[in-house]
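Going line by line, the protein sequences match chains L and X.
Numbering-wise (the numbering used here), the first sequence opens with residue 13 and increments by one.
Numbering-wise (the numbering used here), the second sequence opens with residue 72 and increments by one.
None of these hints come from the bench; they were simulated from the model.
Don't take every hint at face value.
Claimed, not checked - Each computed DSSO-like pair below joins lysine-lysine, with the alpha-carbon atoms no more than 30 Å apart:
| # | chain 1 | residue 1 | chain 2 | residue 2 |
| --- | --- | --- | --- | --- |
| 1 | X | LYS672 | X | LYS655 |
| 2 | X | LYS772 | L | LYS106 |
| 3 | L | LYS94 | X | LYS754 |
| 4 | L | LYS328 | X | LYS248 |
Stated by the list, open to error - Footprint (simulated), chain L over chain X, 3 or more residues, beta carbon under 8 Å:
| # | region |
| --- | --- |
| 5 | 260 to 272 |
| 6 | 611 to 618 |
Keep in mind that this is a model prediction, so the values were computed, not measured.
Backbone N, C-alpha and C fix where the C-beta goes; we use that ideal spot for every residue, glycine too.
Given next are the chains, with one letter for each unit.
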Amino acid sequence: MPKKSSPNRRRFLAASLQASAAAVAAPYVITSKALGDAVTPPASDRIVMGGIGMGNMGSGDQGAFLGRPDVQYVAVCDVRQKWRDDAKGRVDGKYGSKDCAAYIDFRELLARDDIDAVHIATPDHWHSIMTIAACRAGKDIYLQKPETLTLREGPLMIQAARRYGRVVSGGSQRVLEDYRDIVNPCWAGELGAIKSIDLAIGPRSMPCYLPAVATPPDIDWDLWLGPAPWEPYNPGRCDGNFGTGGNSWRSYIDYSGGSLTDWGAHNVGGTIFAAGLLNEQPTSMTWHPATSDGKEAAYVTLVYPSGVELHCNRPKQLWPGDTAATVSQERGIVIRGDGTSITPKPVPSYRGNGGIYGDFIECVKTRERPFRDLELCVNTMTAPHMVAIAQRLERSLEWDRSAQRFMNDEEANRLLDRARREPWTL
Amino acid sequence: MPFDTTTLDSPFAALAAFDWGADAAPLSVIDAAVVAAHGDAALTANLEKRLGSIISGASSRAAKEYACRKLSMIGTAASVPGLASLLTDPDESHMARFALERIPAPAAGDALRQALGKVRGDLVIGMISSLANRRDTASVKPLANFLAGDAKIAAAAASALGRIATVDAAAALAAAKVQPGPVADAVIDARLACADALLAAGNRGAAKAIYEAVAAGIGDAPTTRRGRALRTAARSGILAALDDTIGQTIRRGFMAAWLALALLVPMAHAEVVAPAPSATAKQAAESVLAAIAAGDADLRAVALERVRYGLHGTWFTEALVTKLPTLDPRRQVEVLSALADRGDVAAVAAATSLLKSAGDADVRLAAIRVVGKLGRGADVPALVVALAGDGSIPAAARRALVDLSGPDAATAIRKAAETGSASSRVTILDILVERRDRGAVPLLVAAAGGDDAAIRQAAMRGLAAFGGPNEIPAMVASLIKSSGDERKAAELAIVRVCTSSRDAEAAANAAIASYEAADEASRQVLLPALARIGGPKVMAMIDAMLADPAKRPQGLDALSKWPDATVKDQLLELFGKATDPQDKDLLLGTLIRIAPLPDNKLDDGQKLDLLVKTMALCQRNEDKAKVLERANAIRTIETFRFVVPYVDDPAITESACGSVVELAHHQKLRDAHKEEFTAALDKVLGITKNDELVERATRYKAGQTWNRQKKN
Numbered sequence: 013m014p015k016k017s018s019p020n021r022r023r024f025l026a027a028s029l030q031a032s033a034a035a036v037a038a039p040y041v042i043t044s045k046a047l048g049d050a051v052t053p054p055a056s057d058r059i060v061m062g063g064i065g066m067g068n069m070g071s072g073d074q075g076a077f078l079g080r081p082d083v084q085y086v087a088v089c090d091v092r093q094k095w096r097d098d099a100k101g102r103v104d105g106k107y108g109s110k111d112c113a114a115y116i117d118f119r120e121l122l123a124r125d126d127i128d129a130v131h132i133a134t135p136d137h138w139h140s141i142m143t144i145a146a147c148r149a150g151k152d153i154y155l156q157k158p159e160t161l162t163l164r165e166g167p168l169m170i171q172a173a174r175r176y177g178r179v180v181s182g183g184s185q186r187v188l189e190d191y192r193d194i195v196n197p198c199w200a201g202e203l204g205a206i207k208s209i210d211l212a213i214g215p216r217s218m219p220c221y222l223p224a225v226a227t228p229p230d231i232d233w234d235l236w237l238g239p240a241p242w243e244p245y246n247p248g249r250c251d252g253n254f255g256t257g258g259n260s261w262r263s264y265i266d267y268s269g270g271s272l273t274d275w276g277a278h279n280v281g282g283t284i285f286a287a288g289l290l291n292e293q294p295t296s297m298t299w300h301p302a303t304s305d306g307k308e309a310a311y312v313t314l315v316y317p318s319g320v321e322l323h324c325n326r327p328k329q330l331w332p333g334d335t336a337a338t339v340s341q342e343r344g345i346v347i348r349g350d351g352t353s354i355t356p357k358p359v360p361s362y363r364g365n366g367g368i369y370g371d372f373i374e375c376v377k378t379r380e381r382p383f384r385d386l387e388l389c390v391n392t393m394t395a396p397h398m399v400a401i402a403q404r405l406e407r408s409l410e411w412d413r414s415a416q417r418f419m420n421d422e423e424a425n426r427l428l429d430r431a432r433r434e435p436w437t438l
Numbered sequence: 072m073p074f075d076t077t078t079l080d081s082p083f084a085a086l087a088a089f090d091w092g093a094d095a096a097p098l099s100v101i102d103a104a105v106v107a108a109h110g111d112a113a114l115t116a117n118l119e120k121r122l123g124s125i126i127s128g129a130s131s132r133a134a135k136e137y138a139c140r141k142l143s144m145i146g147t148a149a150s151v152p153g154l155a156s157l158l159t160d161p162d163e164s165h166m167a168r169f170a171l172e173r174i175p176a177p178a179a180g181d182a183l184r185q186a187l188g189k190v191r192g193d194l195v196i197g198m199i200s201s202l203a204n205r206r207d208t209a210s211v212k213p214l215a216n217f218l219a220g221d222a223k224i225a226a227a228a229a230s231a232l233g234r235i236a237t238v239d240a241a242a243a244l245a246a247a248k249v250q251p252g253p254v255a256d257a258v259i260d261a262r263l264a265c266a267d268a269l270l271a272a273g274n275r276g277a278a279k280a281i282y283e284a285v286a287a288g289i290g291d292a293p294t295t296r297r298g299r300a301l302r303t304a305a306r307s308g309i310l311a312a313l314d315d316t317i318g319q320t321i322r323r324g325f326m327a328a329w330l331a332l333a334l335l336v337p338m339a340h341a342e343v344v345a346p347a348p349s350a351t352a353k354q355a356a357e358s359v360l361a362a363i364a365a366g367d368a369d370l371r372a373v374a375l376e377r378v379r380y381g382l383h384g385t386w387f388t389e390a391l392v393t394k395l396p397t398l399d400p401r402r403q404v405e406v407l408s409a410l411a412d413r414g415d416v417a418a419v420a421a422a423t424s425l426l427k428s429a430g431d432a433d434v435r436l437a438a439i440r441v442v443g444k445l446g447r448g449a450d451v452p453a454l455v456v457a458l459a460g461d462g463s464i465p466a467a468a469r470r471a472l473v474d475l476s477g478p479d480a481a482t483a484i485r486k487a488a489e490t491g492s493a494s495s496r497v498t499i500l501d502i503l504v505e506r507r508d509r510g511a512v513p514l515l516v517a518a519a520g521g522d523d524a525a526i527r528q529a530a531m532r533g534l535a536a537f538g539g540p541n542e543i544p545a546m547v548a549s550l551i552k553s554s555g556d557e558r559k560a561a562e563l564a565i566v567r568v569c570t571s572s573r574d575a576e577a578a579a580n581a582a583i584a585s586y587e588a589a590d591e592a593s594r595q596v597l598l599p600a601l602a603r604i605g606g607p608k609v610m611a612m613i614d615a616m617l618a619d620p621a622k623r624p625q626g627l628d629a630l631s632k633w634p635d636a637t638v639k640d641q642l643l644e645l646f647g648k649a650t651d652p653q654d655k656d657l658l659l660g661t662l663i664r665i666a667p668l669p670d671n672k673l674d675d676g677q678k679l680d681l682l683v684k685t686m687a688l689c690q691r692n693e694d695k696a697k698v699l700e701r702a703n704a705i706r707t708i709e710t711f712r713f714v715v716p717y718v719d720d721p722a723i724t725e726s727a728c729g730s731v732v733e734l735a736h737h738q739k740l741r742d743a744h745k746e747e748f749t750a751a752l753d754k755v756l757g758i759t760k761n762d763e764l765v766e767r768a769t770r771y772k773a774g775q776t777w778n779r780q781k782k783n
């Protein structure tokens with residue numbers, strides 16, 4: 013029988029307080045393959061990995077890491093039994109063993125000293141707590157997007173990653189892979205200095221008032237909720253599909269920023285990568301209410317320190333005409349430059365082999381920063397978070413990056429973060 | 072106009088009776104009022120009073136939760152007593168904190184602090200967490216008192232002190248007497264957080280003292296991953312405290328989070344100056360240089376991080392460069408990699424030297440990366456030589472030439488494209504294209520007319536990317552000169568310029584002008600390209616050919632290359648009249664190709680209609696299979712229903728299964744017709760022998776997505 017954690021989390025907590033944090037829940041058994049072969053490096057050169065959150069994206073991430081010869085996958089964790097069992101089954105099937113450990117509580121997985129790195133693909137409300145805990149445990153992290161749920165989480169996560177010298181890669185593979193048609197001309201200087209961007213961006217998340225349904229036995233509901241407010245179980249509240257219309261956690265404000273941050277991580281990420289704004293955060297958000305005649309919908313304009321204006325959902329009738337210094341992208345992105353002559357810059361790319369996953373693994377080995385370094389992801393996510401706050405408050409705001417606060421708007425600052433349900437702390 | 076608060080009566084009555092699952096529509100009125108209350112003290116007070124009645128009344132947990140959320144946005148000191156009364160209730164405590172944590176009034180902090188002594192267990196941790204998020208400096212003493220108590224609470228208190236991160240908080244943590252275990256771990260983490268914050272505030276001495284104390288407590292040889300991470304934190308902190316070369320960029324007045332950003336921003340070329348280093352910076356440099364050569368991988372990583380993002384100034388780059396020859400190859404690779412990220416051009420000469428002289432291939436690769444990131448035009452010849460190297464060297468050199476952006480780089484690369492062997496010139500022409508070097512267009516035009524077929528093809532690849540109307544004559548000349556695969560590629564290059572470039576219409580006119588000016592033999596070569604470009608002028612030419620029996624085959628061939636479905640009726644009519652099997656095949660293949668093209672010439676219904684008609688014309692299973700494989704580009708339920716019956720036809724079932732699965736990939740379509748898709752996917756799973764289809768169908772049935780594997 014594979015070693016599996018008890019569903020009784022409190023028992024684990026009590027035990028963990030008595031034992032060393034380095035206690036190993038299940039030993040990693042070196043098999044006959046340990047010495048490696050022509051394709052597989054010896055065990056000592058493989059990155060030992062585990063996964064937390066094994067649902068939709070987690071299983072995809074798991075597949076990518078599991079398929080790498082330089083990764084030894086040893087543990088999975090999910091609060092849902094089916095996803096946990098399925099994930100363990102994939103690992104055991106791959107290696108022809110029953111050695112993969114399966115955990116309900118992520119802290120048990122993080123307590124294993126043999127694990128070098130983890131991938132995290134839980135709902136967004138867990139990302140910051142798990143990332144910081146993993147950094148403290150000395151793990152490197154591949155973190156699914158959207159990396160943050162609130163504006164305050166980002167700096168704290170970066171701080172943990174830098175403090176403990178961890179490699180933390182965000183999980184938007186699309187930023188480099190799907191936006192070449194806007195990235196290449198921008199970096200080649202073909203638009204001149206970037207001046208304005210129009211971007212179609214999805215709706216923000218909403219409150220959840222779904223009725224209570226009997227909690228099924230295969231989910232640890234309290235642990236699924238974790239730091240989020242207690243609310244009764246309903247499958248529509250916690251389903252892991254990609255819907256944002258009310259049948260998925262991505263729809264609801266306690267667990268996600270909605271399509272605004274989900275697709276925002278991709279679209280804003282790709283856009284500000286193209287426009288060279290990855291190291292910037294917006295300084296102002298201008299709220300444009302819908303016109304009373306209904307002809308123009310509401311939209312938000314963000315302005316970056318370099319002067320670039322990012323219009324989110326600006327009605328097309330308000331767009332300036334395209335010029336030779338305009339590029340557009342099928343997902344509703346238009347970037348406009350001033351047509352001046354500027355020096356081309358080489359487009360950054362992944363390190364190693366195997367796309368964004370290979371980039372992460374390569375950086376785990378070399379200790380370099382990955383293509384989607386956490387800091388760049390946090391900068392990316394500030395934009396959709398700010399749009400959400402401007403939309404919620406229906407007014408314009410200004411942002412002080414150094415203080416990480418809105419200027420002259422105490423109510424907006426209230427929305428920087430939220431209280432976490434005990435006993436979870438940031 | 073003042074807000075009419077009587078409009079709130081009914082929504083608040085609904086809220087009083089609200090529970091999960093009830094109609095939430097009335098709550099939207101309250102939501103809007105909360106937004107409208109900004110700057111409206113009277114409305115705020117009115118709302119606070121109403122919301123306060125909810126939380127103090129007999130409403131459901133859901134209603135009280137809603138009220139707390141709204142008070143978190145607009146609550147003032149007036150709401151604090153009501154919220155504070157909920158702090159001791161295990162069911163309501165969190166949501167009361169949800170509001171109190173956000174209310175800026177000092178009374179909210181007072182209430183949370185006072186509750187520390189009134190609650191037990193996890194609720195204490197909740198209060199501590201909220202006080203930490205408020206950075207409540209008045210909590211330092213009460214929090215310190217928890218450090219010696221219950222372990223879970225003590226750990227939370229330590230973390231909170233790390234978030235508050237004042238000198239007092241740091242002192243309280245330093246004084247904590249705790250046994251090894253989770254509380255001690257939390258204390259160490261918190262001490263490091265305090266040190267980071269103190270450093271960010273400019274208090275280098277206090278920060279360094281904490282880092283050193285933590286480092287001493289960990290020892291030189293931690294045995295656990297966690298211990299190694301702590302040592303990394305302490306050692307990098309000590310270096311940061313010593314490294315005052317970028318001290319002026321530290322953002323004062325904010326929490327420690329931005330310390331990391333301020334310290335670790337890579338140097339840009341322009342920022343690399345050579346200020347005289349301070350004694351402490353020299354001390355940090357000596358530590359870094361020693362660690363780089365040492366055997367401890369963690370400490371090397373700390374040192375290399377400092378190389379990448381700290382110790383600004385050419386003086387340190389030069390010290391590293393001097394150290395390079397003394398290191399073994401593995402260490403040289405690490406230092407070169409860090410120097411590439413450091414961005415100081417003072418490292419280029421040493422890298423170029425190693426590129427030429429190092430015996431270890433990995434060192435040469437790392438040196439190439441430095442030259443590519445920091446080099447200039449003068450370094451191009453060395454990289455061109457490396458293009459002909461062994462193993463991974465050519466690919467690295469190619470990447471370096473693509474990346475090279477220093478002075479004169481573009482000019483030097485263009486010059487290199489004009490000399491050397493044909494294979495070298497081809498590679499460099501491709502590099503110019505990858506660099507998107509539009510300044511290379513004259514060079515590409517000249518190369519497109521040359522005698523070497525490989526060079527011509529490379530030039531045409533470049534002109535396909537950057538060409539316009541002015542380059543069309545040269546491209547046409549190159550096409551006419553070509554044969555075989557080169558001709559196909561040249562044809563597509565011209566089509567691309569005439570359909571996708573910024574001045575596509577003028578380019579197409581230039582291509583037509585070239586056709587009209589050409590002799591008959593050349594026209595035959597150019598016609599397929601014109602047919603792929605399309606447009607009324609070309610259609611007139613094709614019509615004329617179809618009407619001329621001598622030119623009909625040429626016209627049919629041109630029509631088969633038409634770029635969109637506007638010719639569908641013409642194709643169907645010609646198919647109906649055709650008697651030659653080869654003509655029928657050509658026309659049928661064209662219909663299958665054009666039907667689902669995503670060019671907005673037809674709507675989805677018209678596309679499917681055309682595909683259904685085409686299916687009816689198919690006699691052979693291979694043609695039917697092609698129809699099914701093209702169908703999945705029309706993502707509608709009607710297409711799905713068209714495809715599904717063919718799953719039962721053994722001769723074409725795999726094609727049908729493939730299209731069913733591809734259509735199921737689209738979640739909105741799948742979810743809107745869940746039962747139909749589930750039944751079809753079950754059928755696919757019972758029939759297909761294709762492993763990938765099995766995996767995909769299984770995932771889609773389970774409501775999961777499937778990531779297409781992309782090539783690097």
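Checked hints:
1. For the hint pairing LYS672(X) with LYS655(X), the CA-to-CA distance comes to about 24 Å; that is within 30 Å, so the pair holds.
2. Simply put, LYS772(X) and LYS106(L) have alpha-carbon atoms about 22 Å apart, close enough for the 30 Å limit, and the pair holds.
3. Distance restraint check for LYS94(L) and LYS754(X): the Cα-Cα separation of roughly 23 Å lies within the 30 Å cut-off, and the hinted pair is therefore satisfied.
4. For the given pair, LYS328(L) sits about 64 Å from LYS248(X) by alpha-carbon distance, which is inconsistent with the 30 Å threshold.
5. Residue count for the region 260 to 272 of chain X with a Cβ under 8 Å from a Cβ of chain L: 4. That meets the three needed, and the coverage hint holds.
6. Counting residues of the region 611 to 618 of chain X whose beta carbon lies closer than 8 Å to any beta carbon of chain L gives 0, which falls short of the minimum of three for the stated coverage.
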